[in-house]
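Peer 1: Under the working numbering, the first residue of the sequence shown carries the number 1, and numbering increases by one thereafter.
Because the hints were derived from the structure by calculation, they are not lab data.
Just to be clear, a hint being listed does not mean it is correct.
[As the list claims (entries may be wrong)] Listed below are the simulated SDA-like cross-link pairs for lysine to any residue, each with C-alpha atoms no more than 20 Å apart in a straight line:
(1) 54 x 37
(2) 54 x 34
(3) 14 x 47
(4) 54 x 36
(5) 54 x 35
(6) 70 x 25
(7) 9 x 53
(8) 54 x 12
(9) 9 x 69
(10) 54 x 41
(11) 54 x 1
(12) 54 x 43
(13) 9 x 47
(14) 14 x 2
(15) 9 x 48
(16) 14 x 69
(17) 70 x 58
(18) 54 x 30
(19) 54 x 20
(20) 14 x 37
(21) 54 x 7
(22) 54 x 71
(23) 9 x 33
(24) 54 x 67
(25) 9 x 36
(26) 9 x 28
(27) 70 x 57
(28) 9 x 68
(29) 54 x 26
(30) 9 x 25
(31) 70 x 28
(32) 14 x 73
(33) 14 x 1
(34) 70 x 23
[Claimed, not checked] Now the in silico label distances, taken between C-beta atoms and shown as ranges:
(35) 61 x 36: 28 to 38 Å
(36) 13 x 47: 16 to 26 Å
(37) 58 x 17: 14 to 24 Å
(38) 30 x 68: 29 to 39 Å
(39) 77 x 13: 34 to 44 Å
(40) 1 x 32: 15 to 25 Å
From the three backbone atoms N, C-alpha and C, an ideal C-beta is built for every residue, glycine too.
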Amino acid sequence: MVHAFIMVKTAAGKSEGLLSQITDIESVAGAHIVAGNYDIIVEIDAPEVYDVLKAVSSDIQGLDGVTDTKTYIAMDQNDG
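My request is simple: use the sequences and hints to build the entire structure.
Peer 2: Here is the structure:
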């Protein structure tokens, strides 16, 4: 299992609507609107790295209002 964090920048005023769309994506374990350089942090659990990349490139980046993403793959095997 691959655990990843996706930082998402959104267009002005789009974060709340995008949050609900992002949480509907199958591999998304959680998502939160945050303050800082990015607007939403998304947690993804997927069987393989390829599945994480698909979720980001096809599912998240394809949403109207997403302007940028940055993907971080967790290197530890923390199950909790």
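Peer 1: Indicate, hint by hint, whether the structure satisfies it.
Peer 2: Each hint tested on the structure:
1. 54 x 37: 24 Å, violated
2. 54 x 34: Violated, at about 23 Å.
3. 14 x 47: Given pair residue 14, residue 47 is violated - Cα atoms ~30 Å apart, limit 20 Å.
4. 54 x 36: Status violated; Cα separation ~26 Å.
5. 54 x 35: 26 Å, violated
6. 70 x 25: 17 Å, holds
7. 9 x 53: Holds, at roughly 17 Å.
8. 54 x 12: Since the Cα atoms of residue 54 and residue 12 sit roughly 25 Å apart, the hinted pair is violated (cutoff 20 Å).
9. 9 x 69: The given pair, whose Cα atoms are some 6 Å apart, holds under the 20 Å limit.
10. 54 x 41: Given pair residue 54, residue 41 holds - Cα atoms ~17 Å apart, limit 20 Å.
11. 54 x 1: 15 Å, holds
12. 54 x 43: Answer holds: residue 54 to residue 43 is near 14 Å, not above 20 Å.
13. 9 x 47: Violated, at roughly 25 Å.
14. 14 x 2: Violated, at about 28 Å.
15. 9 x 48: 24 Å, violated
16. 14 x 69: This hinted pair holds, its Cα atoms lying about 15 Å apart.
17. 70 x 58: Holds: residue 70 and residue 58 sit about 14 Å apart, inside 20 Å.
18. 54 x 30: Holds - the C-alpha atoms of residue 30 and residue 54 are around 17 Å apart, at most 20 Å.
19. 54 x 20: 19 Å, holds
20. 14 x 37: 15 Å, holds
21. 54 x 7: 15 Å, holds
22. 54 x 71: Within the cut-off at roughly 12 Å; holds.
23. 9 x 33: With Cα atoms ~10 Å apart, residue 9 and residue 33 stay inside 20 Å; holds.
24. 54 x 67: Satisfied, since the Cα-Cα distance of roughly 17 Å is no more than 20 Å.
25. 9 x 36: 10 Å, holds
26. 9 x 28: Given that 20 Å is the threshold and the Cα spacing comes to 17 Å, the pair holds.
27. 70 x 57: With Cα atoms ~11 Å apart, residue 70 and residue 57 stay inside 20 Å; holds.
28. 9 x 68: This hinted pair holds, its Cα atoms lying about 5 Å apart.
29. 54 x 26: 12 Å, holds
30. 9 x 25: 17 Å, holds
31. 70 x 28: 15 Å, holds
32. 14 x 73: This hinted pair is violated, its Cα atoms lying about 25 Å apart.
33. 14 x 1: With a Cα-Cα distance of about 31 Å, the restraint between residue 14 and residue 1 is violated, given a limit of 20 Å.
34. 70 x 23: Since the Cα atoms of residue 70 and residue 23 sit roughly 17 Å apart, the hinted pair holds (cutoff 20 Å).
35. 61 x 36: 28 to 38 Å: Violated: the Cβ-Cβ distance is about 20 Å, outside 28 to 38 Å.
36. 13 x 47: 16 to 26 Å: Given about 35 Å between the Cβ atoms, the range is violated.
37. 58 x 17: 14 to 24 Å: With Cβ atoms ~19 Å apart, the hint holds.
38. 30 x 68: 29 to 39 Å: Violated - the Cβ-Cβ distance for residue 30 and residue 68, about 20 Å, lies outside 29 to 39 Å.
39. 77 x 13: 34 to 44 Å: Cβ of residue 77 to Cβ of residue 13: about 39 Å, so the range 34 to 44 Å holds.
40. 1 x 32: 15 to 25 Å: Since residue 1 and residue 32 have Cβ atoms about 21 Å apart, the given range 15 to 25 Å holds.
In terms of the numbered hints stated before, the structure departs from hints 1, 2, 3, 4, 5, 8, 13, 14, 15, 32, 33, 35, 36 and 38, listed from lowest to highest.
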